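Number of protein chains: 2
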Amino acid sequence: MVGGRLVGQVRIVGAGLLGSSIGLGLRARGIETIVHDASPAALALAIDYGAGRAATELDDPGLIVVAVPPDLTAQVIARELSEFPNAIVTDVASIKLPLFEELKRLGVDTSRYLGSHPLAGRERGGAISARGDLFIGRPWVIATSNGEDANGEDAKKIAVIEDLILDLEAFPVLMPAEEHDRSVALVSHLPQVVSSLLAKRLLDGTDRSLGLAGQGLRDTTRIAASDPELWIQILSANHSPIVKLLELLRVDLDSIISTLSDPSAAGARRAIAQLLAAGNSGVSRLPGKHGQDRKFSSIFVMVEDRPGELARLLTEIGEAKINLEDLRLEHAPGALFGLAEIAVLPEAEERLLSELESRGWRIAEAYQ
Amino acid sequence: MVGGRLVGQVRIVGAGLLGSSIGLGLRARGIETIVHDASPAALALAIDYGAGRAATELDDPGLIVVAVPPDLTAQVIARELSEFPNAIVTDVASIKLPLFEELKRLGVDTSRYLGSHPLAGRERGGAISARGDLFIGRPWVIATSNGEDANGEDAKKIAVIEDLILDLEAFPVLMPAEEHDRSVALVSHLPQVVSSLLAKRLLDGTDRSLGLAGQGLRDTTRIAASDPELWIQILSANHSPIVKLLELLRVDLDSIISTLSDPSAAGARRAIAQLLAAGNSGVSRLPGKHGQDRKFSSIFVMVEDRPGELARLLTEIGEAKINLEDLRLEHAPGALFGLAEIAVLPEAEERLLSELESRGWRIAEAYQ
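So the sequences go chain by chain: F and B.
Each step along the first sequence adds one to the number in the working numbering, with nothing skipped, and position 131 is 112.
Each step along the second sequence adds one to the number in the working numbering, with nothing skipped, and position 37 is 18.
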């Protein structure tokens, strides 16, 4: 791993998923990271995990990253700016305009502050879920909010935050805060609400009905498992653009309910077709191919449902000197086999396949 | 591969994804399959792919599987029953009650017919996407529609179709047609409509906005890429239960729009929390979803990030004669530990914990 662009100490306030992941990623670059958290237990865990060292009286960070819950972000930014008069301060909160307005209300001098937002995360929070590679290949918005341009003091702030982003192998996107908030309402907050609405319907299903669920339902409801505490804050803070989108969705929902109430009526099939085709077009606008941001290749191996089989598989993969990047076992109720999803670096995929086949393992081709 | 349960010839009518996959799977068991399709080109492709041989005058199939588009299914079933008076006939259409009613309207004697529905598929269709292992581990509903029970003639039909299902390594689920249709409305058709509604909103987004999309949006909109032709038929045929679900969803949508319009109002945050928590509960009801299946207990073990450690863990679990129900490894590059989530039957949890601790494994208590 080559050294980082950032020079000097980086102080990370908030030892949750994002803060700890930033710490792990920067330390892998040889950058000195200092972790702070109001919770001693959370701090100790993050340090155990290798996210950085504890703060000392002598710290002199050039950059401070505030990664605390949204409702605390403004006051922590204000405190950090005042405690560390030489540091540039950024944050990673997922809504930018209300935060900037709150800082103005608090009378904070924002000349050393510029907000940012990494478009990365996981369903699970906490240092225990942190990954140094969480941000690789992901966009990371630098949210301009005060007419910043690439000159003078602004240029310096932007450059330091860009270095942070590039050191974590994300890519910086400079965007006004208002545009950022409208964008995440569409690509993140609307899907969250819709997924929760859909998942709520499962409460009425019988176990037998839910036993028929497939990947489509799993995919559409996966993010409904997200942390309510965090999302109450996000949805409340960014409510205006979200409500606009929900109202547009309601118009389409009303229309499809009306159409499906009498699908043999004149024009009904065309109306259904138009919704489905619009969905086709919408999803085709997403950049890149589905699954493009997977860094690993997955192979699905059928594993007999008896003790020791999975261990034997992993032992044999180890004997073949192939490094496992990720592993997941899927057990379908009633099936004789589990499916082990084995993720490896793409360059190892072919050799893994031939090693496994030569040892008699069955590869589930349908899932490749 | 052991031989199949089915004896005699199996005739498959319709050489699309499902028909061809059934052919490939049965032939892998050594079963003689005959493929037929109204399109000579589709038929030739399926035969090329190894789904079976072409029909001859001398064919005498014991089982016929009708796998044609939904709007043709009833008439093809009627024709097959009359052409092959010794065969049991099933189909794989995704809605069962309207089909059975259509057969009744057509005056078809259904004593040798029993509908079924494999809960399996891919976004891509056609023989070219067919896989012999498409059905492995998936539920396959046998849709009773005439008060069938496991006696007499009914028992014979059911047994033959069960053999088909077991030969393809799927698992049979016996269920009245009406219950089946209500179930797939919930687990398949509602998610499809919701995903299309959500994906349609992407048409209004700018490229810059969509550039911020992450896995959550990709997952929730993936099935919006499905084939409109097929889905018009499915949604029209099963419209009643779908409309009921959409109307319930609309009540919740109206409520969250109203709440988010003024998130600082009294009770607003609680209302948002209730939707999100209901989504959490809904998604947790999906069987087999890792860490959330109420049938299993999960234990999180910290695994050092070096080759062979996970295999050693699993070997030791095997030595303790404890069967893994599900496994997931969170392998976090940059972190000093990976986190193995091990799901076992609840009655095995305590013994697993003590076995692991006595062997020196660190349990991630924070996650239990």
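Since the hints were derived computationally from the structure, they do not count as laboratory data.
Please note: incorrect hints may appear among the correct ones.
As the list claims (entries may be wrong) - Below, simulated DSBU-like cross-link-like pairs (lysine-lysine); rule was C-alpha separation at most 30 angstroms, straight line: (1) B:Lys225 x B:Lys85; (2) B:Lys137 x B:Lys85; (3) B:Lys225 x F:Lys302; (4) F:Lys225 x F:Lys85; (5) F:Lys85 x F:Lys137; (6) B:Lys302 x F:Lys225.
Predicted model only: the values in this text are computed from it and were never measured.
Checklist line | Lys137 of chain B paired with Lys85 of chain B [C-alpha distance capped at 30 angstroms] | finding: holds (21 angstroms)
Item checked: Given pair status - Lys225 of chain F, Lys302 of chain B, alpha carbons within 30 angstroms -> violated (56 angstroms)
Note to self: Between the alpha carbons of Lys225 of chain F and Lys85 of chain F, is the straight-line distance 30 angstroms or under?
What the structure shows: Measuring from Cα to Cα gives roughly 26 angstroms; hence the hint holds.
Margin query: So if I understand the rule, the pair passes when the alpha-carbon distance is 30 angstroms or less; does Lys225 of chain B with Lys302 of chain F pass?
Written below: violated (55 angstroms)
Next item on the list: Take the C-alpha atoms of Lys85 of chain F and Lys137 of chain F, compute the straight-line distance between them, and say whether it is at most 30 angstroms.
Entry: It holds: about 21 angstroms lies between the C-alpha atoms, which stays within 30 angstroms.
Notebook entry, point to check: Are the Cα atoms of Lys225 of chain B and Lys85 of chain B separated by 30 angstroms or less?
Noted result: holds (26 angstroms)
In this structure, the hints that do not hold are numbers 3, 6, in rising order.
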